[in-house]
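2 protein chains.
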Amino acid sequence: MGKYDTLVELLLEVVKEGGEIKEKDNSIPVGISNRHIHLSQSDADVLFGAGYTLTKTKDLSQPGQYACQETLTICGPKGAIEKVRILGPVRRESQIEILLADCFKLGITAPVRLSGDLEGTPGITLVGPKGSILLTKGLIIAQRHIHMSLADAKHFCVTDGEEVTIQTTGLRGGTYTNVMVRANDNSSLECHLDTEEANAMCLKSTSKIKIVK
Amino acid sequence: MGKYDTLVELLLEVVKEGGEIKEKDNSIPVGISNRHIHLSQSDADVLFGAGYTLTKTKDLSQPGQYACQETLTICGPKGAIEKVRILGPVRRESQIEILLADCFKLGITAPVRLSGDLEGTPGITLVGPKGSILLTKGLIIAQRHIHMSLADAKHFCVTDGEEVTIQTTGLRGGTYTNVMVRANDNSSLECHLDTEEANAMCLKSTSKIKIVK
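Here the protein sequences line up with chains A and B, keeping their order.
Going from the first sequence to my numbering is simple: count from 1 and add 166.
Going from the second sequence to my numbering is simple: count from 1 and add 166.
Worth flagging that the hints you see were computed from the coordinates, not collected in a lab.
Since the structure is predicted, the reported quantities are computational estimates derived from the model, not experimental observations.
Check the hints yourself; a few may be wrong.
No copy is singled out in the list; a pair is fine if it fits within one copy or between any two copies.
To be verified - As a list, the in silico DSBU-like pairs of lysine-lysine whose alpha-carbon atoms are at most 30 angstroms apart: (1) K376 - K224; (2) K224 - K244; (3) K244 - K374; (4) K271 - K379; (5) K374 - K296; (6) K249 - K370; (7) K222 - K249; (8) K271 - K224; (9) K249 - K320; (10) K379 - K303; (11) K296 - K376; (12) K303 - K376; (13) K222 - K271; (14) K224 - K370; (15) K249 - K379.
Assemble the whole structure, with the sequences as input and the hints as a guide.
If you want it as structure tokens, here you go:
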């Protein structure tokens, strides 16, 4: 394709998209997670009352995921943390994702795990308006990961389940290893870090990172 | 030198050092800083009373530096943080080192700076038992750095003021760039990170890092 053809193609693309040329680079948006809770329906029943339905307040970037109005207090042997946000929809098992700093406050050592990998994890007490429950497992520090579609995975030359290294720049720049690729056709491109990981690199919700493998 | 000579030399070394063979590797111990305060004497006078002397509770790893019994409340336009530890001895200027997460709580944006580089930094209100003071500058997020002696600098092939990259391993491994070398003959080898930087890499006070340049 000659340069005039390329020019015409780009101009048509700009016209179609209302004036914006999409940046076809390799940067990946960052999603920053604070501590949060995923609840099973049976645990929601105990904490909020039988048959309770969580109240959506905001859609999250991953399709079908949302923040809820409801919060809970989480309690460990050494201390409690109030107003921990619940994310919906309900899941098969409850899962509590905390920061490493929270472990000191709660007095519980949580492992770094991928979402859903709860075997052998410690439990914690959840306190809600209608009841409390002592979970026997489910407390984790989330392993950093990148959600993406299968098309994105092809674009970045990675596969679902692969661990990659990501890079950021600036005065607090650096790399994080072991960032798990979670690729499927119901995901939106986003690298999930927790607030400590984001703050250590001065990353904001508008920041972007790159895969360096 | 033959193997028997080497063996004799090593045995003599062990005897001299009381049984320990020193590990001559390139690992550097980590020192983890939570938020803390360095006070000037004139600010200490306002907060604790004229001529007040801070009470040492624990020596820190850097020669002459110590943790004090005294704490202060720091207050920004959006919120306050209680029981922030003072480190001694007093300095020429007061300096408040916070975490990036604290900026949201306090409602003040602090820059990432090296200790002592306070020009153009924001102030904050300090509240003590005998008075309070609104500093006009001094609030920073500490830039990561490595204290070392001049002999250490020679060993690591770095110079005072050089910025290096450090590396850690494990599930939360990675690298941090822009780690400032602070080499002089009154320093003990230690890489200083704040709690968010340490937690993001799962580093503890017993951890070690390496310079990768």
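Each hint, compared with the structure:
Taking the shortest Cα distances, K376 and K224 sit within 30 angstroms of each other inside one copy (27 angstroms), while across copies they are farther apart (43 angstroms). Taking the shortest Cα distances, K224 and K244 sit within 30 angstroms of each other only across copies (24 angstroms), while inside one copy they are farther apart (32 angstroms). In this assembly of identical chains, K244 and K374 lie within 30 angstroms of each other by CA distance solely across copies; the values are 28 angstroms between and 37 angstroms within a copy. With identical chains, the CA atoms of K271 and K379 are never at most 30 angstroms apart, being 35 angstroms at best within one copy and 35 angstroms at best between copies.
In the homo-oligomer, the alpha carbons of K374 and K296 never lie at most 30 angstroms apart, since the shortest distance is 41 angstroms inside one protomer and 47 angstroms across protomers. Taking the shortest alpha-carbon separations for K249 and K370, both the intra-copy value of 22 angstroms and the inter-copy value of 28 angstroms come in at or below 30 angstroms. In the homo-oligomer, the alpha carbons of K222 and K249 lie at most 30 angstroms apart inside one protomer (16 angstroms), although the nearest pairing across protomers, at 37 angstroms, exceeds that limit. With identical chains, the CA atoms of K271 and K224 are at most 30 angstroms apart both within one copy (28 angstroms) and between copies (22 angstroms).
Taking the shortest alpha-carbon separations for K249 and K320, neither the intra-copy value of 40 angstroms nor the inter-copy value of 51 angstroms comes in at or below 30 angstroms. Taking identical chains as interchangeable, the C-alpha atoms of K379 and K303 are never at most 30 angstroms apart, the minima being 33 angstroms within one chain and 42 angstroms between chains. For the identical chains of this complex, K296 and K376 are neighbours neither inside a copy (45 angstroms) nor across copies (51 angstroms), given an alpha-carbon limit of 30 angstroms. Taking CA atoms no more than 30 angstroms apart as the test, K303 paired with K376 passes in neither setting, with 34 angstroms inside one copy and 36 angstroms between copies.
In the homo-oligomer, the alpha carbons of K222 and K271 lie at most 30 angstroms apart both inside one protomer (29 angstroms) and across protomers (25 angstroms), since each shortest distance falls under that limit. When the C-alpha separation of K224 and K370 is checked against a cutoff of 30 angstroms, the pair qualifies only within one copy, where the shortest distance is 19 angstroms, while the shortest distance between copies is 36 angstroms. Taking the shortest alpha-carbon separations for K249 and K379, neither the intra-copy value of 37 angstroms nor the inter-copy value of 43 angstroms comes in at or below 30 angstroms.
When each numbered hint is compared with the structure, violations occur for hints 4, 5, 9, 10, 11, 12, 15.
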